[in-house]
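All chains should be modelled from the sequences, with the hints used to inform the complete structure.
Residue numbers (the working numbering), protein chains in the order written: chain A, 1346 to 1645; chain B, 1346 to 1645.
Hints listed in this document are in silico derivations from the structure and should not be mistaken for laboratory results.
Keep in mind that the hints are not guaranteed to be accurate.
[To be verified] In silico DSS-like pairs for lysine-lysine, Cα to Cα no more than 30 Å straight-line:
{"no.": "1", "chain 1": "B", "residue 1": "Lys1371", "chain 2": "A", "residue 2": "Lys1584"}
{"no.": "2", "chain 1": "A", "residue 1": "Lys1371", "chain 2": "B", "residue 2": "Lys1584"}
{"no.": "3", "chain 1": "A", "residue 1": "Lys1435", "chain 2": "A", "residue 2": "Lys1371"}
Below are the chains, spelled out letter by letter.
Number of protein chains: 2
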Amino acid sequence: MRDLTTTSVTEAVLTQMGQTPDPRLKQVMGSLVRHLHDFARDVNLTPDEWLQAIGFLTQVGQTCTPTRQEFILLSDILGISALVNLLHDKTAVEIGTESSLLGPFYQQDAPALALGDSIAAHSAGPELLVYGQVTDKSGKPLAHASVQVWQTDADGAYDVQKFDGTQMDMRGNFACDADGRFHFRTLRPLGYSIPLDGPVGTLVRAQGRHGCRPAHIHFLIGAEGYRELVTALYLGDDKYVDSDTVFGVSTPLVITPRDVDPDAPVKGLPSVRYDFRLGIAAGGETGRVGADPAQILAKV
Amino acid sequence: MRDLTTTSVTEAVLTQMGQTPDPRLKQVMGSLVRHLHDFARDVNLTPDEWLQAIGFLTQVGQTCTPTRQEFILLSDILGISALVNLLHDKTAVEIGTESSLLGPFYQQDAPALALGDSIAAHSAGPELLVYGQVTDKSGKPLAHASVQVWQTDADGAYDVQKFDGTQMDMRGNFACDADGRFHFRTLRPLGYSIPLDGPVGTLVRAQGRHGCRPAHIHFLIGAEGYRELVTALYLGDDKYVDSDTVFGVSTPLVITPRDVDPDAPVKGLPSVRYDFRLGIAAGGETGRVGADPAQILAKV
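If you want it as structure tokens, here you go:
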């Protein structure tokens, strides 16, 4: 392992990692080293650029807090979260409703609410009713399915951004009824710029990107024996619905609230009906592309 | 930018980054996205693994301090630092002495010492004399060339590890004489394990690697009009000289101290003579693969 060249150094690294006991770790790290070395050779990465990358990654790590996950944000804007999500979907035995990104603003321990409650605890704005049914792929209702919801307020801010983690808002956990039905009140979310005050924002600006996400409502839906669904519904009249900076939108997830809906369980509010179908996970398929930032930091 | 697949998501990201004003940033980030997406597809990266990577990178960032640079350490053990160093060498108009890694323990503002001084201010152990001459490639002496030196103590620890940044030791800046000659006293360095108490150490252990570097002395050598030389001399009898965990050794940099050397400027000590040749940098070629951790953090 001496007198290495710009090509042989890669083999030297792979040789030294060749005794990795866990075969999957060996495979993943081997592939990562090959691709990262190819990248450095392809662009002829300079010491100045390498040092800029070291400083950038250090800053990304030091920006993470129990309420902010800058590395997830970085993964999101590079399309890596969307890609891993799509790869994950391919492993399912049966796919349900289209998935989307969990994003960096998910929080565990959101309040349990009763059907019909509003998730707006500390915010005001134009109200919206969301209702629907959770079923399997064939349309069979899934009794008491769990529906977690979170979104921005009417100004486009998440609670963790407004209150710095001191209180939750615009979040709730619901249990569907025996027919798999749910309904809740919320505020019409506003699209927003991802946080631009950190290193990821600096990168996004340097790339000439608008850095915006279209208005959306996040959902995490589960029922015993079915594949957990991480998704979101996107408002179709948002100007960024076709240029989401984190690549989360798909056509079946685009919604348009109706001003009058005779089927709505609550009258007098604009409403959205959306029925979610849960798929079937393959054996051993676990995990989701995202986590509560506090949980990630707790392991550090 | 809707209804993306595991392949089309890459093009969507490149399209969104397509307006990057700086052509080099566009090129580097475009290549990085392609290679990272290829990596995720090649190994079919799972959500659990992705989340483990997010947690790992967060921890690497949060381990960085003004005296510790865990991201440089990560780059080092993946061979990326060695590769960028080798790519950098290729840009030189004229190559001098072989280069090696700056590593994560370089500190700016090491004390200026007089020729013949010892760099051991707060440590004891078997002494060593190091002397030589700094020349251009043809052997022409470079008067008053600067020679920065740093190394572990005789127990294999750097000052920043022993004293946590409160005092410097085993470092010095020397100015050569009018003939480009230098000599200084030091302790015989000991090989060492890279820091294993952080996330990078956890990875290295999980890879079944010894995590050790052979004993060495770092040098940073400069003279007006010549290419800065970042290198190190490695003790040939170290058991890890052929399996350096950061891929820094090359044959011409391996030394063997002599117990008796009639040419040594100081008698009665084991000594090493090494003459360094400085090359010529191409116009615009700047930077080095490394930096003082405090300088990196200061930009955060």
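Now for the hints, and whether the structure bears them out:
1. With a C-alpha separation of about 25 Å, the suggested pairing of Lys1371 of chain B with Lys1584 of chain A holds against the 30 Å cut-off.
2. Between Lys1371 of chain A and Lys1584 of chain B the alpha-carbon distance is near 25 Å, which keeps this suggested pair within the 30 Å criterion.
3. Of the pairs offered as hints, the one joining Lys1435 of chain A and Lys1371 of chain A holds, with about 23 Å between alpha carbons and a cut-off of 30 Å not exceeded.
Violated hints: none; the structure is consistent with every hint.
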